[in-house]
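**Student:** Go by the hints and put chain X onto chain U.
So the chains spell out like this:
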Amino acid sequence: MTTSQTRTTTRIGDGVDADVRHLIPEGICRTFRVLPYAVVDGSVLVAAADAEDAITEQVVAERVDRPVLLVRHTVNEIVAAIDEAYPPVESEVETPEARRARMQMAQMLTRSGLVTAEQLRRAMLEYARTGDPLGDILVSHQAISEDVLVAALSELHQLQRVGLGDFEPDLKVARRLPEPLALRLQAIPVAESEDVVLLAVARPLADDDVTEVQAALGSSFRQLLANRTELDQLIQQVHSVHYAEISTRGLMESRPESSAHVVITGTQKAVLVMTVVALVLCGVIWPVNTLIGIVGFCSFIYLIVSVYKFRLTLRALGTHLETDVTDAEIAAIDERHLPVYTILVPLYKEAGIVQRLVRDINALDYPRTRLDVKLLCEEDDDETIDKIVSLQLPPHFHLVVVPDSLPKTKPKACNYGLQLSTGAYCVIFDAEDRPDPDQLKKALLAFDHVPSNVVCIQAKLNHFNQDQNLLTAWFANEYSMHFELVLPAMGAAESPIPLGGTSNHFITSTLRELGAWDPFNVTEDADLGIRLHREGYRTAMIDSTTLEEANSNVGNWIRQRSRWNKGYYQTWLVHMRNPIGLLSQTGLRGFMSFNLTMGSAFVLLMNPIFWGLTTLYVLTQWGFIEQLFPGIVFYAASAMLFIGNFIFVYLNVAGSLQRGEFGITRTALLSPLYWGLMSWAAWKGFIQLFTNPFYWEKTEHGLDEGSS
Amino acid sequence: MTAQLSQPEPTVTTVTTVEVVTNRERLSGVVQSVGRRPDDIPRRWWESALVFGLFLVAYAWFGYWLVVDMHVVGFETLDRFNRALMIWHNDPPKLSSVGFDYPPLTILLISPLTVVPALASSLIVVPLASAVFAAFTMVTFNTMMRRAQVLAPLRVVVLVAFGLNPLVALYAASGARHFMWLTFVVAALGALFAWYVTADIRFVMIAGLAFAIAALSGYSSLLWFVVSAIMVGAILARLGADGTEIEGTTVGFAAPTVYVIALWSAFNLILVLKPFNWITASSDSASSGGLESFSAVELLEYTGRLVLYGAPIAIVVLPALVFAGIARRNGLALWLAVILFLSIIVPALSVALKITDSPMVMRNALPILLFSMIGAIWLARSAGEGATLVSALLVAGLIISIPWTFQAMKTYKYQGLESTFAAAVSTRQSQEGATTPDGSTVGYVSEQAMARWIKDNVTLNSSILTDNAQTSAVILLTGDPALFFDRVDKSDGPWLAAAKDPAAHVDYMLLSTNSSADLLSNLYEDAVDGSNAFLTEAYRTERYVLVSVPSGFRRGADSLGDQDPAALSIPGQGITTTPVEAADQ
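Residue numbers (the UniProt record's numbering), protein chains in the order written: chain U, 1 to 708; chain X, 1 to 585.
Pulled out of the complex, with its shape left as it was, chain U reads as follows (with noise of 0.2 Å):
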C-alpha cells in the first residue's frame, strides 16, 4: 500500500534511516527520484520529488514489503541524499542533459499516445538498471517502432531524417567513410555536395567522433538521422565484397597453415604414400606379421583413446570442474556495466524457426538495448529473408546476408558476422538453440573467475527433444557424457578442446586476431579450440545448457554426423602438417590431448572392422583371425571389447544421471547400437574428405515433433 503526502513531521533532512536507505536499488532511487529515509509507525517513508506521480508509486511500492508513505521533497534535497547513501560514480551519473532529454523524450511518447503508462513504467526501470536510452529500450520491446523513435530524436536534437529503404547507394561516396569507422559509429556518407557530405547517422554524434568523421572524410559534413536497421543494410551492402573477402580469405591468408583449404599437403600425401608402400612392401613379403601389426596398431590406439577418454570422465565424476558462477553474483550484477554482447544465429533454409528463435533471444537475460543480434543469412535464402524482413524486428536483430560464393559454409557466415559485431564478446547459437537465460551473464562472470589467458567460455549443450525417438535419446545421451564429462574434465585439464558447435563465448577481439573460423572446415568449432590453445589461449566451461534440437531422422542424422567426423579428419590433418610445432607450442600433454581427441574419430572407423572379425571368428572359429590376435594383442583387444565397451556404454549412463536425465537413462544401455550409426556416418565423412571435401552436409532442424 502506498500514500503520499507533502507534508509530515519526520523529513529527509532529518536523517536518513541505514536500516532503510538501500531498500530500493540506485538506479530506481536516481531515475525516479527517490530515497527511502525513515520508518514511521510501520510504514517506510521515501522522498519524492514527484509524489503525485503514479508510476513512481507503484515502482516503489513494489520494492519495499512495507507500507510506503510518499514524502515530497525537493529535488536537490533528494539528490543530495542519495548521493550520500550510494556515493555517485562522475561517469555513472545521468548528467542534466541527459536526463532533461530523457523526461522530454518520455513526455513527447506519452502525451502523443504512442507508449501506455505501463510500457512507460517498465521502460524506465530497465533504464534504472541500464542507464540506456529510454527511446532505445522502448524500440527494443517494439513498444514503439524504430522510425517513430527517429522522429522524436529529430524532433530532439533538432536534425533533418533520411529514410535509407530504398536508397541506391554511390559506392564511392560511401565508401568515403572507412569502414571500421562507418561501422563503429553506424554512419555513411549518403550523398556529397562540393564542401559538405551528407552523412547518414543513427545517433547524432559526439564531438569526439565528428572530428575524427571530419578527418576521415576531408570535409565538413552534416548529419541526418537515418533508422538503425535500415543504415545497418546500407553499410553491409557498401562493404559487402570486403566483408566476403575477408570472411573467406582471411585465413587462408593470413595464416595458411592454418587453413584447410588444402586437405593434404605435399607432404602428407608424400608420407601417407610412403606408408601405403612400406606396408605393401611388408605385406607382401611377412604377411601374417604384417597383418598382426596393423591389428595390433589398431588395438593400441583404441586401447589410448579408450583410456584417455575413461580418465577424463572419471576425473569429472569426481570433481566439479565447471568454472563456478551462483545465482547471487548473478543478480549482483550491476547491467550499467554489461557489455555489447553479439549473437551470431547461422541460417540457412530456416524460415519456419525463426519467429522461435527471436523469441528465445528475447528471453535472455540480458538488456535487449546491448544484444548484437546477427541473423547470418545465405543470400540465395529468400525464404528465410523474407520471412526475418516480414518480422519488422527491432535494431537489436541484425539481418545479415552473406553473398553468395564458395565455400557456401557455416564458418565463412560466422566470419562475415563477426565483421560486423559490436559486441565486446560474442556467442555462437544455432537456429533452433534454446540456452538457458542466464547464460550470457553466466559467461561474462565465468570471465571475470578465470585466468586472463581463456578467452572462450564453452556452454554445455543437450536436447530438447531426446524423448521423441532412440536416435534423440541416445543423442541425448552422448551429449551428455560429453558436455557433463569429457569437456569440463578437458577444460579443467587446460587440454585442446575441440569446441562445442553451438554456446561458446568469444572475446571479440581475441577471435578476430586469431582469424576467427576456418571457412574450409566443417568443423570450424573444433579446429578453433585447438588453434586458439595453440596460441596460448585457454577454454573453461560453465555449467549453463543449451537446449537443441537433436536429430530425429537416422538419414539426417548420417548427413549432420559424416560433417563432424569429416571436419575432424580435416582438423587433424591441418594441425598435424608440422607436428612438431604443435608438440611445441600445446605441449606433450596438449600434443597428446588433440590426437587422442581426433583419434576418436578414427576408432569408428575401425570399430566395424573389429565387429565384423570378432563376429566371423565366433561363429567360424577361424583360425587364421585367432593368428591376428597374438598374446598381447588378444589381451588389448579382449579387454576393449569386453570391458572397454561396457565403460562407454556406462559413461553415457553416468552422464545421464551427472545431468538428472533418468528417462533415458536405459537407452544408454543400448548405446551399442548408437555406435554402429557413428562408425557408418565416419566413414561417410573419411570418403567424403577425398571425394568433397568442404561440401556442407547440411542438417534439416525443425524435425522435432511440434516444432515452432
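It is worth saying that the hints were derived from the structure and are not from the lab. All residues carry an ideal CB built from backbone N, CA and C; glycine is no exception. It is possible that some hints are incorrect.
[Unchecked claim] Label-pair ranges, simulated between beta-carbon atoms:
id, chain 1, residue 1, chain 2, residue 2, range
1, U, 676, X, 457, 52 to 58 Å
2, X, 47, U, 536, 34 to 40 Å
3, X, 164, U, 303, 38 to 44 Å
4, X, 115, U, 619, 15 to 21 Å
5, X, 262, U, 307, 22 to 28 Å
6, U, 630, X, 45, 54 to 60 Å
7, U, 67, X, 47, 42 to 48 Å
**Tutor:** Chain X in isolation, oriented as in the chain U frame:
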C-alpha cells in the same frame, strides 16, 4: 530478468508439443543431487594415501614373514597365482587359464603381480595380492569414519584395532582371495553410505561399479548387490522420488553388475554350453558332496560361535542398528541391519541349501566383522554428539576381540589356515609340514624342491605333461609354465590324447603322489609308486614324482619296441633326457 513490455512478441503460428524447461525447472522435482556437488567432506588424498600405504606395507611385510618364512599359505592361493602366471608366460600366453573354478577377477586382478616370473615364483608378491585389497578396505573405512565425523585420533585407533584383528590379519597377509570381493563390497556399501549422506548421485554409480567388480571377485557379493538394489529403490521412494528417477537410478546402479554377470554367463555358454556353469562349478558355491551333515540346532550353534568368536562386535551392533532403524526411522541403519543379519545367517543357509564345500568355516566371520564395522560407523554418525562415545565403544570392542578371536582360531572346528596362523604367530616357527584341522598339510618345500630340479634340468617348452589342477604350485615355483604341457595349453581333449600317448608329445610327466584328483596320476598309478619299468623316475619329492617318458612309450604297452631307454641315459646323472637335450649337451 529483463523487463517485458506489453508490446506483443511476434506471434508463433504453430503450437509446440515439446515443452522446453530450463535446467532449474527440470531438476526441481529431483530428490538427489545431480549436476552439482553437494557439501561433503573435503578430499584428502594424502590421508587416504597414507592409510593405504601404511596398511599395505604392514600387511605385505607381515605377509612376507607369514608366507615366505612361516610357509603359511593356502594351496588355492598358489593355484590362482599359477593361473595368473600362465596369462603372461604360458606358451602361448593363455587367458583361458582363468578357468571357471574361481571368480575370474580373483585371478585377473592379481595377474599384474605375475608379469615378472621371478617375483611370482619367489612368492614375494603373494602377500601383496591380499594386502592391496585389505589396505584399500582400510581407506574406505577411514573415509566412512570421516563422513561419520569420527575424530582423527579415534579413527587411527579404530583402524589399528581393526587391522590387528587376527582374522583380518590372516586374510590380509596370506594372499587369500576373500579380501578381494569384500573390499569391493565394502567400497560399494561405503559409496551408498556417502550417497545416503550427500544425496550425490555419483555415489550410486560408484557403488554400482564396485558391486560389478565384487560380483566377479566373489559370487556371494551378488546377495549384497540384490539387497542394495532393493534398498536404493526403497530409499528413493521414501524420499518422494518419482518413478522415472527411481527407475533411472536403479538402472544406473544395477547395469554394471547385470552386464558382467550376463557377459560371464555368455562366456560359459559359448565355451562349455552351460550358461550358469560359473556358479555351479565354482568352489564358492558348489558342494563337494561329502559334506558333514548339520542339524538345525548345530547350524544355530555354529552360527552363534561364528559371531561370538569371529565378529563379537556384531552382537552389539546388530540390535543397535535395528533399534536406530525402527525407533528413530533411520533408513540406512535398518538397511545395514538387514545386511548384517544376512551375513550372519548366510553360512548356515548355504549349508542348509548344500551350496558350499566349506561349511561354517571361520572365514565366514570376516564379512560379518566388516559389515559390523560399517554398521558401527553409521551408528556413530547417527549418534550426533555421541559419535565419540560410540567410536570409543567400537574401539573397545575391537581391542577386546583381538585376543578373543586369536584364541578361538586355535581351536575352532571348521577352518582353513587359522590354527596354523595362530601357531606361527605364537611360536614364530615355520609351519612347514603342519596339518590343518581338515587334514591338509601346510607348506611348499616339496613343491620348491621339484621346481628347482625342473628349472635346473629341463629347458624344452611343453616337455612335461602334468595335470596343472594338482601340480600348480610346482609350475608356479618354476616361474616357467611354458615348460609344461598342461590342461590349459590346448584344452582337455588334446591333453587327454597326450596323456594316453605321452611319448609322442613330451619327455616327462609330473605326477602328484597324494592326490586322487590328479588325472595323470590316476592314469599312471604304477609310475607314482615307482613300479612302472618304462617310466623311470627322474626326481621325486614327498608329494610329487617326475618320470621320464622314453620314446615309443604308450600307455598300457608291454614294450618300447626298438627303443632302449638305457641308450638315452646320461651316465653319472641318473636321469633320462630327450634326444634334443642330449644333442645340446
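**Student:** For every hint, state whether the structure bears it out.
**Tutor:** Now for the hints, and whether the structure bears them out:
Distance hint for residue 676 of chain U and residue 457 of chain X: a CB-CB separation of about 56 Å, consistent with the stated range 52 to 58 Å. Under the hint 34 to 40 Å, the C-beta atoms of residue 47 of chain X and residue 536 of chain U, about 37 Å apart, fit the expected range. As the Cβ distance of residue 164 of chain X to residue 303 of chain U is approximately 42 Å, the hint placing it in 38 to 44 Å holds. Look at residue 115 of chain X against residue 619 of chain U: about 33 Å separates their beta carbons, and that is not inside 15 to 21 Å.
Against the hinted window of 22 to 28 Å, the Cβ-Cβ separation of residue 262 of chain X and residue 307 of chain U comes to about 24 Å, which satisfies the hint. At about 39 Å, the beta-carbon gap between residue 630 of chain U and residue 45 of chain X misses the expected band of 54 to 60 Å. With their beta carbons about 57 Å apart, residue 67 of chain U and residue 47 of chain X fall outside the hinted range of 42 to 48 Å.
In summary, the structure is inconsistent with hints 4, 6, 7 from the numbered list given earlier, while agreeing with the others.
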